[in-house]
Amino acid sequence: MEKSSIIEINNLIKRFPVGGGFFTALDDINLSFSKGEFTGIVGPSGSGKTTLLNILGSLDVPTEGEATVLDKKISTLSHKQAAQLRNGHIGFIFQTYNLLPVYTVYENVEFPLLLLKMPAREREKAVQEAIEWVGLTDKIKSKPAQLSGGESQRVAIARAMVKKPELVLADEPTANLDSENSHHILRTMEKLNNDLNTTFIFATHDEKVMSYLKRIIRLEDGQVVKDDWMELKEAAS
Amino acid sequence: MSIKLALRNLLGAGLRTWLNVIVLSFSYVIIIWYQGLIDGWNVQARRDMIAWEIAQGQYWHEAYDSYDPFTLEDSHGSIPDNLAGGNVAPILITQGTIYPEGRIQGVILKGIAKDQQVLRLPTDRLIKENGEIPVLVGKRMATNNKLKEGDYLTLRWRDSNGTFDATEVRIAGIFSTDVPSVDQGNVWLTLEDLQQMTQSEGEATLIVSGSESLNNMNISGWDFKSMDFLLADLDQIIKQKSVGGSIMYILLLLLAMLAIFDTQILSIFRRQKEIGTFIALGMTRKQVVKLFTIEGGMNSVLAALVGAVYGVPLLIMQYKVGYAMPYEPDDFGIAISEVIYPSYSLGLILGTIIIVMLTATIVSYIPARKIAKMNPTDAIKGKIQ
Ligand SMILES: Nc1ncnc2c1ncn2[C@@H]1O[C@H](COP(=O)(O)OP(=O)(O)OP(=O)(O)O)[C@@H](O)[C@H]1O
Ligand SMILES: [Mg+2]
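Chains Z and A supply the protein sequences, listed in that same order.
Anchor point for the first sequence: position 230 equals 230 in our numbering, and the numbering is continuous, going up by one each time.
Anchor point for the second sequence: position 141 equals 378 in our numbering, and the numbering is continuous, going up by one each time.
Calculated from the structure, these hints are not laboratory results.
Accuracy of the hints is not assured; some may be wrong.
Simulated coverage check for chain A against chain Z, where a stretch passes if three residues somewhere in it have a Cβ under 8 Å from a Cβ of chain Z [what the hints assert, rightly or not]:
1. 242 to 256
2. 535 to 547
3. 604 to 618
Chain Z stretches covered by chain A per the calculated footprint, using a threshold of three residues with CB under 8 Å from any CB of chain A [stated by the list, open to error]:
4. 51 to 64
5. 74 to 83
6. 96 to 107
Think of the CB as a built atom: it goes at the ideal place given N, C-alpha and C, for glycine as much as any other residue.
Looking at chain Z on its own, in the form it has when it is part of the complex (with noise of 0.2 Å):
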């Protein structure tokens, strides 16, 4: 498999506007993903993790320090670019799902790949793996308000993965799934993960996750305090 690098991240710090000063959410982040890596971003509620996969999704900048994905600098891509980029490359799977509130569970998965303009046949084929992927297909014309928790979750995975992008950011995807969704859904995406060699990284604090995770990153008050390869943990003990 090749190890190519697909986010580097240098002397990365994020400030926000708090009151009259500053509130440091990331402090001097020097991190590199490769590809098919299949990490999490572990830490207290506030460490930043949300903050981090923003930027490396586009939807936000960093105030020092520079941000590569998919060799684009991220503090220097247009409006327009950056779309591109999310639209092309990147599935977002937010904390909060976000899912379109007016579009039934199979419109939503769809979505991604209206922008991309997939044609109307394939279109139909991907969006109904997706969803059997997360184990919906019975729910495919519900809207949003009518599915509970765990299963928003699992149409916001679906829809972020539905593209097969390069790159997926997972922003506690199994917050609210019941164990055995969660690892049925874990296993999808490593089997995504293997066969296509996509890349995932994950903002959690499931302990469910942490046993598939290849890479543990640990943040604590916006700074890296631990970078481990589980592989290498395991050779070590």
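Got chain Z sorted already, so can you dock chain A with the ligands onto it with the hints?
For chain A with the ligands alone, coordinates are given in the frame of chain Z:
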């Protein structure tokens, strides 16, 4: 793609969309209804004035000044030979005074041939019974002076020598018209009676033409006044009124815009999470603006369809039944009937539809542009800025 998504957004939103659409459809129907009434009113005012007063045009005695009643004494002359006997109605005009219930009331006396066919005035009711002079008055004149059919009235006037004279006249008929200038302050007699009373046999002040072939002749001592000239005052009033009408039109349009603007502004806040998601999933700002603008435009297309469903039968019914004026027609200086029949022109209908659609689209574009400028990370959380 935008059209497909816009339609999906609209239909997906269900009840919300239909509420917007119904509100917007009111704007179409109300604007067309209101403007149709104004137009119908104008058409009617012209038609009535032509029927009751103007006909095909008028020859005026060269000294006649319709704005100055004090010149009436000297502004009449012999009816020209080339008009006499034709399809015309000569009218002799002079000043007079009546004494209804002891009050003094100045009036304009108008003599017109009993058998004229040119104007709608019911002159055939000017029948002499016991030798006394029969007169006709309009309904408003009758109401204002408490006159009834069969009443006797003292009438005073000056003959051509300037001598005052008086006689009893009988009200032979009361007619109902929408044209105030033949009603208010007017007392109609037969031409013969008035000519005798004023010792001006064979004379008239003006001659109403009943056929176009008699128009525009060069007759010395008489000036031809065309229909357009005689309608100029009315046109002036209509113009002023239609300025008022356009203000109303603009107001209604503003209201419609407000309704759309309001729902679209509300959309920013209610839908910002949705919009943030659109952007996070890879839509460009331009695509989002386009989507929302098309949504707004589509709203107005749906509204036109919905408006047509109930508006067409409603407007047709109004057209057939007419609209009863809620105020006294006397308050206006121009002809207003008690019932107005609206007139809907193709221009009015198409114009309204195009204008409402354009405004709906423009008004959707403005907030859409603002929405798309939001920071996507804030928008995703649904934070209100
Ligand atoms: N837009 C913002 N303005 C100001 N402060 C912010 C903003 N976004 C995040 N923060 C702050 O940055 C810090 C990191 O937030 P972040 O959402 O990245 O935490 P997290 O690690 O994802 O937490 P959780 O596990 O609860 O999701 C928090 O203290 C938060 O208050
Ligand atoms: Mg978070």
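Here is how each hint holds up against the structure:
1. 242 to 256: It holds: at least three residues are needed, and the stretch 242 to 256 of chain A offers 6 whose Cβ sits within less than 8 Å of chain Z.
2. 535 to 547: Three-residue rule not met by the stretch 535 to 547 of chain A, so violated; n is 0.
3. 604 to 618: Result for this restraint: holds, n = 5.
4. 51 to 64: Per the Cβ count (4), the hint holds.
5. 74 to 83: holds (count 3)
6. 96 to 107: holds (count 9)
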